[in-house]
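Peer 1: Residues per chain, in single letters:
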Amino acid sequence: MDIVIIGLLLGGTYALMAVGLQLQYGVARIMNLANGELLIAGAFGAFWLYAGTKASPLLALLFVVPLAFALNWAIYRVLILPLVRRAKSQGKLEVDSILATFGLSFIFIGIMVTFFGAQYTDYSYLSEPIFIFGERYGLNRVVAFLASAVLCAALYLWLHKTRTGLALRAISVNPSAAGLVSINVARASALAFALGGAVTAAGGVLLSMYLTFDASYGVVFTLKALIIVILGGVGDIRGTIVAAFILGLAETAVATLIDPGLTLAAAYVLFMVVLLVRPEGLFGRRTA
Amino acid sequence: MSASEKLPAAGAWLGITLGERRALVASVIIFIAAGFVPLIFGGYVLQVTISIVMYAAFATSWLLFSGPTNYIALSTAAFFGIGMYVTAAGIDLLPYPVLIVASGVAGAAMAAIVGLATLRVSGVYFVIFTLGLAELIRQFMTWGQHVFGTMSGLYVTIDRSEPMYYWQLLLLTAVIYLVGWRIGRSRLGFALRIIGNDEVVAVHCGINTARAKLVLFIISSTFASIIGAVVAPRWGYVEPGVAFNPYLSFQVVIMALLGGTHRLWGPVLGVIPFVLLWELISIEVPSQTTLLLGVCFLLIVYVIPNGFTGLVEDALRRGTSADGTAPGAAQRIFDPLRNLLQRGKNRNA
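First to last, the protein sequences are chains A and B. For the first sequence, position 70 matches number 70 in the working numbering, and the numbering has no gaps at all. For the second sequence, position 314 matches number 1314 in the working numbering, and the numbering has no gaps at all.
If you're looking for bench data, these hints aren't it; they were derived computationally from the structure. Glycine included, every Cβ here is placed at the ideal spot set by N, Cα and C. Just so you know, not all the hints are guaranteed correct.
[Claimed, not checked] Far from chain A, some chain B residues (derived; all Cβ distances over 10 angstroms): (1) Ile1032; (2) Val1147; (3) Arg1187; (4) Asp1314.
[To be verified] Derived, one-sided and incomplete: chain A residues facing chain B with beta-carbon distance under 10 angstroms: (5) Ser97; (6) Gly261; (7) Leu262; (8) Leu276.
Just chain A, with the same shape it has in the complex:
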């Protein structure tokens, strides 16, 4: 029971960061390997605010999200767009964007080490217990989960009820066809990329409430988010959210029953199974 609840709480927060990557990879079609570093930057933002003013990390969302949005917009415009224009094929673009975002991730790590140092960082916010079914859980986990759920729901509604959301979903299905029905694909892709970055950074703020992190830890989150996106199916938000819960549960189970050091191994086992059994993901459409 412990495992289920902690797993669900963790999965719920993972969902937010994975949805961010989903927007970047599923809609804007850019494999952003600097995604985890963005998450860590969000976490540091929350830490900075909390350490300085004791204000709730949730308030950090107010400045982390717009900043991350602006930063990712700029990244897409300045760095990614030339690659998109230059690319002869989707495969070439993938290689280029993987390398470029790698470079970016190293630059982010370097900057964060300069400002915050390389040591492990955490802070204690709302670490009083809350009782669910008679068991103790950290209140911070529950708050993070609820905030994540609210944001995910808002995003889901926005994607399914608004015109812009519809445009983004159209691009995720077929970018060239979306262009034919007078969707400004370049603009909408930039929007999706920026929004994805903002959502991931928000995920970082929430995760920082109960996880310990350091500047170079981003790549682990990038991997987890990627595995969630692939597990759920590229281009499908529902799948991403379901997959995030699966990963949260699997990790918690492995950490509790075997060893806390093996969480990445748990994620990898899931990844292997998906690749072997259902490469298109749980909700994905089989292409070609």
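Keeping the supplied structure of chain A fixed, place chain B upon it in accordance with the hints.
Peer 2: Using the frame of chain A, we list chain B on its own:
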């Protein structure tokens, strides 16, 4: 090789053309010349040269698979670590040469597992999988040592002098070259180039793409493991955090890309300047190595996407083009930069 260079009477030995024979002879001379380095230099210069040869071996073995297929493998550190660990674990039980072979076999087995799982699907999944592979094996190693209660590190003590490491690595590099050259001339190499250009076309040509990729990935990874076995005694002490250091994978990729991935000799052109630059950076600004590694990545992607060999080839091609307006290599570097600045200005205006 152009057709005119094929002289069946003169160069019919194993179907090797005259041009290829020249290249072979030149390579042999370069390798022999490189072999004299430890006799002339010692100390710091020799250390840096050992580094260069080691990374040349890494980058060239990386290129065997990733060059023709365009699949970015980030697993060098994982296989290197496997080689180190096999050597460290068996050093008191088996003779050293046996361990080198054993490391190769272990690396090959691991590559087979990884390849079978990931190489049948899209290239991106392969990149992601290899990205975390070193970290994954490190977690398992740490866990295993925790469970079985052994100490966290292992000592590798055999007596070797620095020049000996140099010659071992140089020999290994020569073997990698030879293998790469053979593969390049074989049906397998041809198949891989088609896969790199267009995988769908390759499938329609009747190429078993999954098998071709798997074979090459295994060969490439085996060499990375063998390098681990060769280098392990030089390091003396092996522990998970050091053996599976993910930065190694990135450095190897960046060096190979800097040199250019379209030619077998490309990576060396990247390795030499990069190792020298890196020595300088680690001495001058040791706290900013990560940041600068990132900057190097971006520079390569945006400014010299085809590496040094690409620049040389472009320069040659333009030099021989009819219209005599041959922009030099320097212009090739600065043009994209100027365009980038220009675009920035236009937007501001």
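Peer 1: Please go over all the hints and tell whether each is borne out by the structure.
Peer 2: Okay, the hints, checked on the actual structure:
1. Ile1032: holds (36 angstroms)
2. Val1147: violated (8 angstroms)
3. Arg1187: holds (23 angstroms)
4. Asp1314: holds (15 angstroms)
5. Ser97: Status holds, d = 9 angstroms.
6. Gly261: At about 5 angstroms, which falls below the 10 angstroms cut-off, the nearest Cβ of chain B leaves the hint on Gly261 (chain A) intact, so it holds.
7. Leu262: holds (6 angstroms)
8. Leu276: Holds - the Cβ of Leu276 (chain A) comes within 10 angstroms of chain B, reaching about 6 angstroms at its closest.
Violated hints amount to a single one, hint 2; each of the other numbered hints is respected by the structure.
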